[in-house]
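Visitor: Note that the protein sequences, when read in sequence, are chains A and B.
In terms of our numbering, the first sequence has 20 at position 20, counting the first letter as 1, and numbering is strictly consecutive.
For our numbering, add 346 to where a residue sits in the second sequence, where the first one is 1.
Wrong hints could be hidden among the right ones.
[Said to hold, decoys possible] Calculated cross-link-like contacts (lysine-lysine; reagent style BS3-like; alpha-carbon spacing at most 27 Å):
no., chain 1, residue 1, chain 2, residue 2
1, A, 328, B, 498
2, B, 470, A, 335
3, B, 382, A, 335
4, B, 403, A, 336
5, A, 336, B, 378
6, B, 399, A, 336
7, B, 357, A, 345
[Stated by the list, open to error] One-sided excerpt, in silico: chain B residues whose CB lies under 10 Å from chain A:
no., residue
8, 363
9, 370
10, 609
11, 656
12, 660
13, 665
14, 714
15, 717
16, 718
17, 725
Source of the hints: derived by calculation from the structure; they are not laboratory data.
Note that the coordinates shown come from a computational prediction; the quantities given were computed from them, not determined experimentally.
Heads up, the beta-carbon is just placed ideally off N, CA and C, and yes, glycines get one too.
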Amino acid sequence: MLNETSQLLSDSVERIFSDHVTKECIINSEKGEWPKDLWDEIVNNGLNLVLVPEELGGVGGSWFDAGILFKAIGKYQAPIPLAENITAGHLLSMGSIQLPENSIVTILNGDFSIKDNKFSGISKRTPYGSSATHGVALITNKNSSKIILIPIPKGSISNDKNLALESRSTIDFHDVEIIGSSEVEFSSDYIFKIGALMRSCQIAGGLEFLLEQSVQYANDRIQFGRPIAKFQAIQQELAVLATHAAASGVAADYACLSMEDGCEDLAIASAKSRVDDAVSICASIAHQVHGAIGFTYEHGLHFATRRLWSWRAEYGAGSYWAKFLGEKAVASGAKKFWPSITNGKI
Amino acid sequence: MNTPFNFHLTKFSNEAEILRSEVREFLIDALKDIPKETRAETWYGADENFSKKVGEKGWIGLNWPKEFGGAGRTSMERYVILEEMLTAGAPVGAHWISDRQSGPLIIRYGTEKHQKELLPGILKGESYFCIGMSEPDSGSDLAALRTKAEKKDNVYIVNGTKLWTSGAHRCQYMIACFRTSQEEDRHGGLSQFIVDLSLPGVTIRPIIDLAGRHHFNEVIFEDTEVPADMLIGTEGNGWNQVTAELALERSGPERYLSSYILLQELVNEFSSRNDDEGVTEIGRQMAHLTTLRQMSVSVAGMLDEGANPALEASVVKDLGAVFEQDLPNIAHRLMGLEPDANGSDFQRYLAILTQISPSFSLRGGTREILRGIIARGLGLR
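Pulled out of the complex, with its shape left as it was, chain A reads as follows (with noise of 0.2 Å):
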């Protein structure tokens, strides 16, 4: 049951993306195209605002409803960077910085360095670099953080991909003009949490469309006469694939809910390790349903699992993030562990 803001918003991304994000669009995007009607269309809904106030601009959404649109990313494989721009919009809004028009912003990676207003530093693995007008960065110091808005320059792009053909390019800034500067109360991993929490839904997203894709296969596709659906060893198969499904959209939501009350680490890593896990298992039950013919690049089973197995890595693996919780878990000692689980705070 979604409220009225978040029904509009599921219900908005939804027919954006079953209208524009075609195979053909996906194609186009690996070879390096950028899907412009699709973008305007988002721009022009204004999705890319959600966590923009209404004050700045925007649509004043929570963490909940930036979460729908994270996991519409992954389910329809959409090749546009709308989770970085959501993101970018609420770390510049928290700046007080707007949004300039018709940027497409990225999220940078690195570490900086300011000196006479000018940035320095080199981003890697930017998200759809090759594409972004503007970056965002985080350059925290010992007793202050700032966020930063600058243009990217051209010519200072070396490109390149991820497994799914998604932009992840090299920045190499060199005393660049900055455009926004504003102090905050982020840690100085706020961006990577953030970052975790982005991809943690839009995996969510991913694993959701395996499902539909698999059930869909498996009800078509003829063998023994009869559809594959009918044999237990499928149907099996196919529930394990949908619990580890549901598991990671109910840990992805437990994330944005829990944005809404600070940042809590626990749910964050929690998400991340735990649809890490779902991958694996969803991966290779999908293809396994599917035989041979999702292994092809003909059929589009793959535009999903490969954006899967990339989206896992990003932001910290699920080992990383579980590791992160085991290790705070161990500090606080057992006493405290299972207060910590009901707190939703470690």
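Given chain A's structure and the hints, the job is docking chain B onto it.
Guide: Just chain B now, kept in the frame of chain A:
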């Protein structure tokens, strides 16, 4: 197709969190003298004195309506009591079944006489019920059950055997499903009865499990005369009543917390070691625990909203059983210690949980049955 599951997350109210503190406070004292093995058994462990204390606190029947003597509180608040008791290793086994399903069944289908006579004892933690479903030739295939109840004047004459009846030897009553007629539809002709286990013609024999414990029983009925007014619900409607009962049986925190103590003990063991592999595995299990809890709580929230989360409950139970079955193996792998009933605390926990863990994916519906239910929900059957 849209995903057939509907897990929307629910938060606990302030009242529920206050109740949580009260339960924690209560357990410190109430569990002082409970041995380690019993604590590791959680809801397999039974202690009548403990159950009476819980009854005195008013924590049995917490979510039953007030007109039936319950506290009229929410399923979410009841959930708090359950999860706190299970994680603390409280021996809740004596009253567990009557609180979870027998009482609610009597409230839903029972006559006023049943309710007046039976509910007060349950609420006090003095009157215990067992479940009479499985039989020698009726396990997963419940509709194959053969124990007959034939009406004669104002009694039903019962002949047959119930098997794997947990706790029958310490219960006063069984809620049993018997065949009252032979119908073409194999789900037809079943009826539920409240059977006083002290009636003549009832024999309870222990079945010792692989850990050497007396938990299961075989309950034999030989021309047992059950008063006709002890039929509960509608004659011939047993299948539907039992199905509703199973939904209550599958969603609770007991479906993923059975081995919880091992995870807590691992946290304890690894607090003083420098071992990345162990710490990472603990964190990974925390992630599973955190997620399962949110899923299970969400089902409790749906019950409060009057929804029927039977499919979601099957998802939680299947994932939960895998989780609680994995933990003894993970504990073994990380610690490399022999499970030993006379060893350290950790070894004693490991001994009992390693042995009872095969039952986690059998009781309350086998893994294969649950996955079949999920597959049906997906439109595959």
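Visitor: Does the structure keep residue 470 of chain B and residue 335 of chain A at a Cα separation of 27 Å or less?
Guide: Distance ~31 Å between residue 470 of chain B and residue 335 of chain A Cα, so the pair is violated.
Visitor: Going straight from one Cα to the other, do residue 328 of chain A and residue 498 of chain B come out at no more than 27 Å?
Guide: violated, 67 Å
Visitor: Could you check if residue 660 of chain B really has its C-beta closer than 10 Å to a C-beta on chain A?
Guide: holds, 9 Å
Visitor: With chain A as the partner, please determine if residue 370 of chain B meets the hint condition of a C-beta pair closer than 10 Å.
Guide: Holds, because the Cβ-Cβ distance from residue 370 of chain B to chain A comes to roughly 8 Å (cut-off 10 Å).
Visitor: Quick check on the hint: residue 665 of chain B CB to chain A CB, less than 10 Å?
Guide: Holds: closest Cβ of chain A sits about 5 Å from residue 665 of chain B, inside 10 Å.
Visitor: Would the pair residue 403 of chain B and residue 336 of chain A pass a check requiring their Cα atoms to be no farther apart than 27 Å?
Guide: Roughly 25 Å separates the two Cα atoms, so the pair holds.
Visitor: Holds or violated: is there a CB of chain A closer than 10 Å to the CB of residue 656 of chain B?
Guide: Given a least distance of 14 Å, the restraint on residue 656 of chain B is violated.
Visitor: Quickly compare the C-alpha distance for residue 357 of chain B and residue 345 of chain A to 27 Å and report which way the hint goes.
Guide: holds, 14 Å
Visitor: Any CB of chain A closer than 10 Å to the CB of residue 714 of chain B?
Guide: This hint holds: residue 714 of chain B lies near chain A, its Cβ roughly 7 Å from the closest one there, short of 10 Å.
Visitor: For the restraint on residue 363 of chain B, tell me whether the closest CB of chain A is nearer than 10 Å.
Guide: holds, 8 Å
Visitor: Holds or violated: residue 382 of chain B with residue 335 of chain A, Cα cutoff 27 Å?
Guide: holds, 16 Å
Visitor: Is the interface hint for residue 609 of chain B satisfied, with its Cβ closer than 10 Å to some Cβ of chain A?
Guide: holds, 8 Å
Taken one by one, the earlier hints fail for this structure at numbers 1, 2 and 11, listed in ascending order.
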